[in-house]
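S.K.: Take the sequences, apply the hints, and build the full model.
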Amino acid sequence: MLKDLIEYIAKSLVDHPEQVTVHQIEGEKTTILELSVAEDDLGKVIGKHGRTAKALRTLLNAAATKMHKRVVLEILE
Amino acid sequence: MMTPQYVETEARTVEEALQSALAELGVERDQVTIKVLDEGSKGILGLGAKPAQVRVTLKETTGETPEEILETILGYMGQQTEVRSHVVDGSLHLDIDAENPGLLIGRHGQTLDSLQYILNCVINKSSLVKRRIIIDIEGYREKRREKLTELACRLASKVKLTGQEIALDPMPPQDRRIIHIALQDDNAVRTFSRGERSFRSVVITTRERYESEYDNHGSSA
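From first to last, the protein sequence lines stand for chains A and B. Each residue of the first sequence is one higher than the one before, starting from 1050 at the first, in our numbering. Each residue of the second sequence is one higher than the one before, starting from -2 at the first, in our numbering.
Since the hints were made in silico from the structure, they are not lab data.
Computed footprint of chain A on chain B, listed as stretches where at least three residues anywhere in the stretch have a Cβ under 8 Å from a Cβ of chain A:
1) 64 to 78
2) 95 to 103
With a straight-line cut-off of 30 Å between C-alpha atoms, the simulated DSBU-like cross-links for lysine-lysine are:
3) A/Lys1052 to B/Lys122
4) A/Lys1060 to B/Lys122
5) A/Lys1115 to A/Lys1052
6) B/Lys122 to A/Lys1097
7) A/Lys1097 to B/Lys127
8) A/Lys1093 to B/Lys127
9) B/Lys144 to B/Lys155
10) A/Lys1078 to A/Lys1060
11) B/Lys140 to A/Lys1115
12) B/Lys140 to A/Lys1103
13) B/Lys122 to A/Lys1093
14) B/Lys122 to A/Lys1103
15) A/Lys1115 to B/Lys144
16) B/Lys32 to B/Lys47
17) A/Lys1103 to B/Lys127
18) A/Lys1078 to A/Lys1103
Not everything, but these chain A residues come out facing chain B in the computed CB check (under 10 Å):
19) Met1050
20) Asp1053
21) Leu1054
22) Ile1055
23) Val1063
24) Asp1064
25) Lys1093
26) Arg1100
27) Lys1103
28) Ala1104
29) Arg1106
30) Leu1108
31) Leu1109
32) Asn1110
33) Ala1112
34) Thr1114
Glycine residues also receive a C-beta, built at the ideal position from the N, C-alpha and C atoms.
M.R.: Have a look at this one:
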C-alpha cells in the first residue's frame, strides 16, 4: 500500500521515526499523502535540492501506476 | 536522542568490556564491528594490571540488511521479487529479479536510480564507514552502458562531419561518465559537461573548437 511505502522509507531515513506520520486522503482519481516528520528531520526527507523528495515521488508514481492511480506526496512543514 | 555510533568501554577482560558496550548500545553482537584497543593484562599479584579496552561500532542503525530493506520497499510497491547480492570492489551490488522489471526501471532508469539513491541514504544514514550500493535489474545497467556508448560514437561522427558541437539531453552523473569514457580515446573530439544539477548535460565538440573556445575556462566533467 502506498501509505505504508512512504511510512517505511521515511522512518528508515529520519532520526525520530516515532514522529513520522502519513495521512492518506482518498480522492476520486487522486490519492494525496501528507507526510509529516520531526522538525529537525525535514532535511532528511527532502534532501539536497529536494533530491530525496523527488526520489520518493518517483517510487510512489511507479507503485501507483500498477494500481492505476494518481498519487501526490505533500511534505508538511 | 540519536543513538551513538560507537562506544568505548573498559573492563577486566575483553569479553566483559564487549558485553557492557553491547548493553550500552542495546544491540546484538552481529550488529556491530569490534575493535580491541587494549587486550589488558592481569599484572602480577594485582600490580601493573591494565584494563581491557574495546571500541564497538554500530554497523547499521536499522539492524536490517540492505537486501531486506530493498525487499521490504519493493514489497510495498506491490512487487514480488528476489534480491541477490555480491560485492565488487567494495561496493555492494544488488540484483533484482522482478516479475515487472520495466516498472521498476522507469524512464531512462529513473525509478531504478531513485531506489538506489534512497537505499544508499538509509544504509549510510549513520554508519561511520560509507558503503556504496548499486542496484540492477536483469542487466539493465550494462545494456544502458552499451546504448550510451553507441550513441556517443554516433554523435561524435556527426560532430566530426559538421564541425558543430552537440549537447546531449541532461543526464545523471553515471550516464555522463559513460559518454566521457566512450570518447576519451577519440582525439578528434572533446567532451565536457555543462549546466547545473539535474540540467547538467554532456557537450561533444571538435578538438579545435574546444581548444579555442573552452580550454582556457577550465571546464571539467
